[in-house]
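Quick note on numbering: my numbering labels position 274 of the sequence shown as 274, and the sequence is numbered without any gaps.
Incorrect hints may appear among the rest.
Said to hold, decoys possible - Within a straight-line C-alpha distance of at most 25 Å, the following computed SDA-like cross-link-like pairs (lysine to any residue) qualify:
| hint | residue 1 | residue 2 |
| --- | --- | --- |
| 1 | Lys-433 | Leu-204 |
| 2 | Lys-348 | Asn-331 |
| 3 | Lys-342 | Lys-318 |
| 4 | Lys-88 | Ser-35 |
| 5 | Lys-95 | Leu-47 |
| 6 | Lys-141 | Pro-99 |
| 7 | Lys-399 | Ser-321 |
| 8 | Lys-303 | Glu-288 |
| 9 | Lys-174 | Ser-483 |
| 10 | Lys-156 | Leu-139 |
| 11 | Lys-335 | Glu-388 |
Since the hints were derived computationally from the structure, they do not count as laboratory data.
Since this is a predicted model, take the numbers as computed values, not measurements.
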Amino acid sequence: MYVSNFSKSEKEIFELRKQKISFFNELTNKSFPTSFEGAVDIEDIILKHREIESGEHTGVDVLIKGRILQNRSFGKLSFLDLLDNTGKIQVLVDKNNMPKKELLHFENYDSGDLIGVLGEIMKTKKGELSIKAKSSTVLSKSLRTLPEKWHGLKDKETRFRQRYLDFIVNPDSKRTIEIRSKIINLIRNFMETEGFIEVETPILQPKAGGAIARPFTTHHNALDFDMYLRIAPELYLKRLIVGGFEKVFELGKVFRNEGIDQTHSPEFTMMESYEAYVDATAVMDMVENMCLYIFEELGLEKKLKFMDNEADFSAPWKRVSMYELVSKKFNVEIKHDSDIKKIRSALKNQLNNKPEAKTIGLLVYELFENYIENDIVSPTFVTEYPIEVSPFARENKKKQGVTERFELFAFGSELANGFSELIDSEEQENRLKIQAQQKAKGDEEAHVEDEDYVEALQYGLPPTGGLGFGIDRFVMILTNNSSIREVLAFPHLKPEN
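Kindly generate the complete structure, drawing on both the sequences and the hints.
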């Protein structure tokens with residue numbers, strides 16, 4: 001909202017606050033300093049002095065800084081709630097015992113202003129830990145009024161559109177982003193301890209590869225050809241394995257030009273890793289160990305509540321075949337080599353909508369997605385994915401049409417995807433040709449052919465276990481947020497106009 005869009009009262013407030021910038025500059029040349037160092041964190045003050053008696057004056061002076069959330073006056077006393085990065089504390093101003101020049105500062109502060117305060121640590125007679133102000137410095141002037149503190153920002157559209165205000169007035173929103181940062185650092189620590197090196201691969205790619213998804217397209221002016229925001233770093237990371245790097249991971253943004261809902265964002269954060277000489281079973285072990293390490297470092301209980309559900313994340317986590325889950329759900333035994341006509345007939349009376357799948361693998365996958373996936377609450381590795389939806393996964397040697405692939409689910413959300421990587425260059429080329437044929441028929445999510453990647457495989461990719469781990473959904477679960485927008489600092493929104 002620009003000034004021209006303000007109501008009359010808002011314009012008056014804006015202009016009045018703007019005039020105070022000149023007032024503070026005229027009051028002292030120390031206003032609006034370029035730095036403000038030496039201040040103590042409010043959290044440290046609270047931890048060290050919260051046990052002092054009501055009415056006690058400690059005689060200890062401290063320097064603090066922060067944003068004024070609220071200021072109020074009661075006769076001879078004024079009170080300010082000051083918020084810094086660590087917490088909130090009350091500042092007490094005794095009007096009768098403060099030099100006039102200093103008092104002018106406090107009388108002209110507004111909610112939202114950033115100030116520094118020197119004062120004595122004390123506790124009021126009502127038991128409120130406070131700083132009795134002696135002097136102050138204005139650090140930055142807020143020209144707009146903050147949302148009403150006690151009601152906060154309730155409208156979600158406003159909260160996400162003006163996220164900075166949300167972080168100021170809603171501590172839970174800020175805490176979620178702080179926990180997200182800790183989780184990302186813990187993932188890096190775990191991977192590096194396991195011997196992985198962090199690498200960076202192109203975000204702009206000549207072909208959108210490594211996943212089945214619709215890409216964002218852009219144009220490279222200097223080279224004059226279309227490029228794509230990556231839908232996955234997978235194929236470049238596997239090129240590194242071909243090149244002799246045995247343990248690599250990348251943590252960063254990926255982009256898929258698809259829908260937005262509670263668990264999907266077109267721009268999201270993933271950790272992908274590849275390790276030579278291991279298979280999907282070892283990758284499942286690693287994912288489980290990594291998640292439990294994060295639980296431990298964050299001090300979380302293994303029994304975790306998320307919305308209306310509770311799940312036990314204690315090891316070991318369940319590992320079950322997709323075919324087994326579907327068979328159990330519909331009380332019909334379905335195997336990789338079952339006759340699809342017989343299975344369709346057996347399922348006919350149980351399904352409202354007739355499945356469109358033309359192979360047994362696609363049928364099982366369709367039934368799993370539509371009837372089972374959302375009901376998986378406890379952490380579960382679903383294994384044995386059909387080859388039709390797993391173009392880069394190695395086929396199970398004993399079960400034709402089934403791959404050594406898994407996905408990790410909890411609370412109805414997919415958290416991770418991994419598999420034993422396909423290393424046969426001819427088989428990979430054939431699978432990509434099938435995907436390209438589907439794309440030519442109008443499937444926007446089908447994979448493109450990638451001769452360069454196939455050529456890399458022709459030099460020999462060792463047996464490799466790969467992983468894609470979704471950061472955003474994992475943060476949602478650990479912070480008990482039902483929407484992915486809550487765990488993104490600045491989620492995508494439609495323009496207001």
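Unsatisfied constraints (hint numbers, rising) = The structure conflicts with hints 3, 5 and 10, although it agrees with all the remaining ones.
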